[in-house]
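**Student:** Sequence:
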Amino acid sequence: MGPRTLAVIFLSGAQRIVTDTPPTTSNSHDNRTEHHMANTVDITEASFSDNVLNNEKTVLVDFWAPWCGPCKAIAPVLDEIAGQHPDTISVAKVDIDANPGIAQTYQVLSIPTIIVFRGGEPVKRITGAKSKKAILKALVDYMG
18 MGPRTLAVIF LSGAQRIVTD TPPTTSNSHD NRTEHHMANT VDITEASFSD NVLNNEKTVL
78 VDFWAPWCGP CKAIAPVLDE IAGQHPDTIS VAKVDIDANP GIAQTYQVLS IPTIIVFRGG
138 EPVKRITGAK SKKAILKALV DYMG
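The numbering used here numbers the first residue of the sequence shown as 18 and each following residue consecutively.
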């Protein structure tokens, strides 16, 4: 691993220690934390009821945090699943740091956690980073 690879992996403070160079003035590091997903919706405590509990579709709620590597890894997979099944499911994302009340209500103790809601009720829980195939297999009963 070269210094450029380490700079991508470590936070800016650790980057200085590892590379012995000052942090760059570029905002390029901001791009590695958040990528807006076109097929998912960000949910807050204020919008949870409307977007999840009152939704006619099956809703996958992805509980995540910006600092969670596995959460970032499954984000594109969930976005792809939402894009491939727009008529049957919605994918909502809840940042547990910004919305701790929702995570507490649904007893989310580790992330990533996906809770599947149908008719406003949680019907399935998937904990940990899973492959697209594993997620789809877990959702087979809720896709129609």
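Since the hints were derived computationally from the structure, they do not count as laboratory data. Heads up, some of the hints might be wrong.
Below, a list of computed lysine to any residue pairs in the SDA-like style, where the Cα atoms sit at most 20 Å apart [to be verified]: (1) K154 - E97; (2) K74 - G118; (3) K147 - A115; (4) K89 - K149; (5) K141 - A115; (6) K147 - V94; (7) K110 - I98; (8) K89 - N56; (9) K149 - A99; (10) K74 - E138; (11) K89 - Y159; (12) K150 - V133; (13) K154 - A90; (14) K149 - N116.
**Student:** Against this structure, judge whether each hint is valid.
**Tutor:** Now the hints, each set against the structure:
1. K154 - E97: The hint holds at about 15 Å.
2. K74 - G118: Violated - the C-alpha atoms of G118 and K74 are around 23 Å apart, more than 20 Å.
3. K147 - A115: Roughly 24 Å between the alpha carbons, so the hint for K147 and A115 is violated.
4. K89 - K149: holds (14 Å)
5. K141 - A115: With Cα atoms ~23 Å apart, K141 and A115 exceed 20 Å; violated.
6. K147 - V94: This hinted pair holds, its Cα atoms lying about 9 Å apart.
7. K110 - I98: Distance ~13 Å between K110 and I98 Cα, so the pair holds.
8. K89 - N56: Measuring from Cα to Cα gives roughly 15 Å; hence the hint holds.
9. K149 - A99: holds (11 Å)
10. K74 - E138: This hinted pair holds, its Cα atoms lying about 12 Å apart.
11. K89 - Y159: The given pair, whose Cα atoms are some 24 Å apart, is violated under the 20 Å limit.
12. K150 - V133: At roughly 16 Å apart (the allowed maximum being 20 Å), V133 and K150 satisfy the hint.
13. K154 - A90: holds (18 Å)
14. K149 - N116: Not OK: K149 and N116 at ~26 Å, beyond 20 Å, violated.
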